[in-house]
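So the protein lines, in turn, are chains A and B. Residue 62 in the working numbering is what sits at position 62 of the first sequence, and the numbering runs on without skipping anything. Count along the second sequence from 1, add 1000, and you get the number used in the working numbering.
There could be a bad hint or two in this list.
Unchecked claim - Which bits of chain B does chain A cover? Going by a derived footprint, with three or more residues having C-beta under 8 angstroms, they are:
1. 1242-1254
2. 1260-1272
3. 1373-1382
4. 1387-1394
To be verified - Now the in silico label distances, taken between C-beta atoms and shown as ranges:
5. LEU25(A) <-> TYR1188(B): 55 to 65 angstroms
6. ARG1372(B) <-> THR81(A): 44 to 54 angstroms
7. TYR1188(B) <-> ASP22(A): 47 to 57 angstroms
8. TYR1290(B) <-> LYS6(A): 13 to 23 angstroms
9. ASP28(A) <-> ASN1065(B): 24 to 34 angstroms
10. ASP28(A) <-> ASN1363(B): 36 to 46 angstroms
11. GLU1105(B) <-> ASP51(A): 49 to 59 angstroms
12. LYS6(A) <-> ASN1249(B): 49 to 59 angstroms
Hint data in this document are derived by calculation from the structure and do not stem from the laboratory. Cβ atoms here follow ideal geometry from the backbone N, Cα and C, with glycine treated the same way.
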Amino acid sequence: MSEEIKIIICTGTHCFVMGGSDLLLLEDHIPEELKDKVSIEGSSCLNYCEDRTKGKAPFVRINGNLMEQATIPKILKYIETL
Amino acid sequence: MKASKTFVEIDHTHVNKKQQLLCGDAFMSKKLKADQRVITVLSDGLGSGVKANVLSTMTATMVLNYLSKNYDLKKTAKAIMQTLPVCSVRKISYATFSIADIDHEGNVNLIEYGNPPALIFRDGERIEPERQLYELVKTDQLHDKMYFSQFKAELNDKIILMSDGVSQSGLGPKLYPFGWGENNVGAYVGDILSKHPSVSARYLSRLITDKALENDNSTPYDDISCGVISFREPRETLLISGPPIHRENDVEMGQIFKDFKGKKVICGGTTANIIARETNENISVELKIYDKEIPTVSKMKGADLITEGSITLGKVLEILENGISPEVLPPHGAAQLVDFLLNSDKIHFLIGTKINEAHQDPNVPVELEIRRSLIKQIMRQLEEKYLKETSLKFI
Chain A
1 MSEEIKIIIC
11 TGTHCFVMGG
21 SDLLLLEDHI
31 PEELKDKVSI
41 EGSSCLNYCE
51 DRTKGKAPFV
61 RINGNLMEQA
71 TIPKILKYIE
81 TL
Chain B
1001 MKASKTFVEI
1011 DHTHVNKKQQ
1021 LLCGDAFMSK
1031 KLKADQRVIT
1041 VLSDGLGSGV
1051 KANVLSTMTA
1061 TMVLNYLSKN
1071 YDLKKTAKAI
1081 MQTLPVCSVR
1091 KISYATFSIA
1101 DIDHEGNVNL
1111 IEYGNPPALI
1121 FRDGERIEPE
1131 RQLYELVKTD
1141 QLHDKMYFSQ
1151 FKAELNDKII
1161 LMSDGVSQSG
1171 LGPKLYPFGW
1181 GENNVGAYVG
1191 DILSKHPSVS
1201 ARYLSRLITD
1211 KALENDNSTP
1221 YDDISCGVIS
1231 FREPRETLLI
1241 SGPPIHREND
1251 VEMGQIFKDF
1261 KGKKVICGGT
1271 TANIIARETN
1281 ENISVELKIY
1291 DKEIPTVSKM
1301 KGADLITEGS
1311 ITLGKVLEIL
1321 ENGISPEVLP
1331 PHGAAQLVDF
1341 LLNSDKIHFL
1351 IGTKINEAHQ
1361 DPNVPVELEI
1371 RRSLIKQIMR
1381 QLEEKYLKET
1391 SLKFI
């Protein structure tokens, strides 16, 4: 497992209405053993919504990698593999 | 976008009499752009609840309609006084009123009928304009007294209009045998002005009604209303929302932001990113304020407030249209933005017209209005209902 996990959540309009509002509660769902390693930040807009090839909102970036249609379970599952 | 002449800021606060859903006082203002005049009226309807609300609203509406059609102020007041019915039991007219009619040079015409006298402050001290008495004979038993005064307002003057719910608050042997009284209200305001000479009309009216409510032990025995007119240096705000239609205009948008001297607000994630890039600053998103309905706010050096765009602006319009005070709302981006706009006098809108195609996706579960149309509706509310001055530039 990597040392640090940096999660950036897009808080722009499109992501927010497509389910991103729930992602702001992510911090409450991070397992206790990972809390020291995970840092969560917001972005006012990651600008992925302008490019259809990037997939569908809401978007999250984890350690520089894009995740489309992000949900809390999907993020949790992903960070466990890191 | 230069600094300009004295701005007339007007705001008011009402507190309803206990157990009443409606306020029996009405406070209305109208800005007449063509004449560069502003007319304000506070009317107190006899009794309370629906009846008083209808009477005071009718009186205030008549005042604004007569005066905005340039009827003579004294004749208008007389016509209204003679129109108002008289209570058969108490032999008094059904509604009282105080009118301030202010022209673009700060000449104030004040007509007072039945309300506590207006308090006028200059350099923190009360001044008394010469009040001329007009006596009207309505019926054999009823002689009405109306006072007319005229003066020229100066920068930082304040005029306080109040209903008797303020001056008679605390009535009773314990606190004030005859109520708080105009002189005590005046001393209270003088004390506030000595500490905070630039207090806004909005905040001062709230401080006065809060104190009156406290005098009544939080159970108001009458409707409590206070309107404040403040002659002040305008507080200017720049609101930027939306990316420019052409990318090469990003630089111009950044430059306008950098050059603006007043407060600055950015609405929209992409717009915030553009300004951050043009000013070499970093944005930090506030993740602690969670609201299911309204996206969170962000911070950046040089900006006083950063919110999301379309959803927040849509909510701002809804709040302004419904006249909801931002203090009673959760502290989300829209409430913060409304509070910000109401604490401004001149608001300059710089609106990018690029459309975010993702918002047109039919899968988007909410309806997002086109920014341009939303901004125009917000501007109309700010101008007509909140007497702000606005300007608009598309980029």
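The hints, checked one at a time:
1. 1242-1254: violated (count 0)
2. 1260-1272: The restraint on the region 1260-1272 of chain B holds, since 4 of its residues have a Cβ under 8 angstroms from chain A and three suffice.
3. 1373-1382: violated (count 0)
4. 1387-1394: Since 0 is below three, the answer is violated.
5. LEU25(A) <-> TYR1188(B): 55 to 65 angstroms: Cβ of LEU25(A) to Cβ of TYR1188(B): about 45 angstroms, so the range 55 to 65 angstroms is violated.
6. ARG1372(B) <-> THR81(A): 44 to 54 angstroms: Cβ of ARG1372(B) to Cβ of THR81(A): about 45 angstroms, so the range 44 to 54 angstroms holds.
7. TYR1188(B) <-> ASP22(A): 47 to 57 angstroms: Roughly 48 angstroms apart at Cβ, these two residues keep to the hinted range, so it holds.
8. TYR1290(B) <-> LYS6(A): 13 to 23 angstroms: holds, 20 angstroms
9. ASP28(A) <-> ASN1065(B): 24 to 34 angstroms: violated, 56 angstroms
10. ASP28(A) <-> ASN1363(B): 36 to 46 angstroms: Violated: the Cβ-Cβ distance is about 28 angstroms, outside 36 to 46 angstroms.
11. GLU1105(B) <-> ASP51(A): 49 to 59 angstroms: Once the Cβ atoms are compared, 56 angstroms apart, the range 49 to 59 angstroms for ASP51(A) and GLU1105(B) holds.
12. LYS6(A) <-> ASN1249(B): 49 to 59 angstroms: violated, 33 angstroms
Hint compliance for this structure: hints 1, 3, 4, 5, 9, 10 and 12 are broken, all remaining hints hold.
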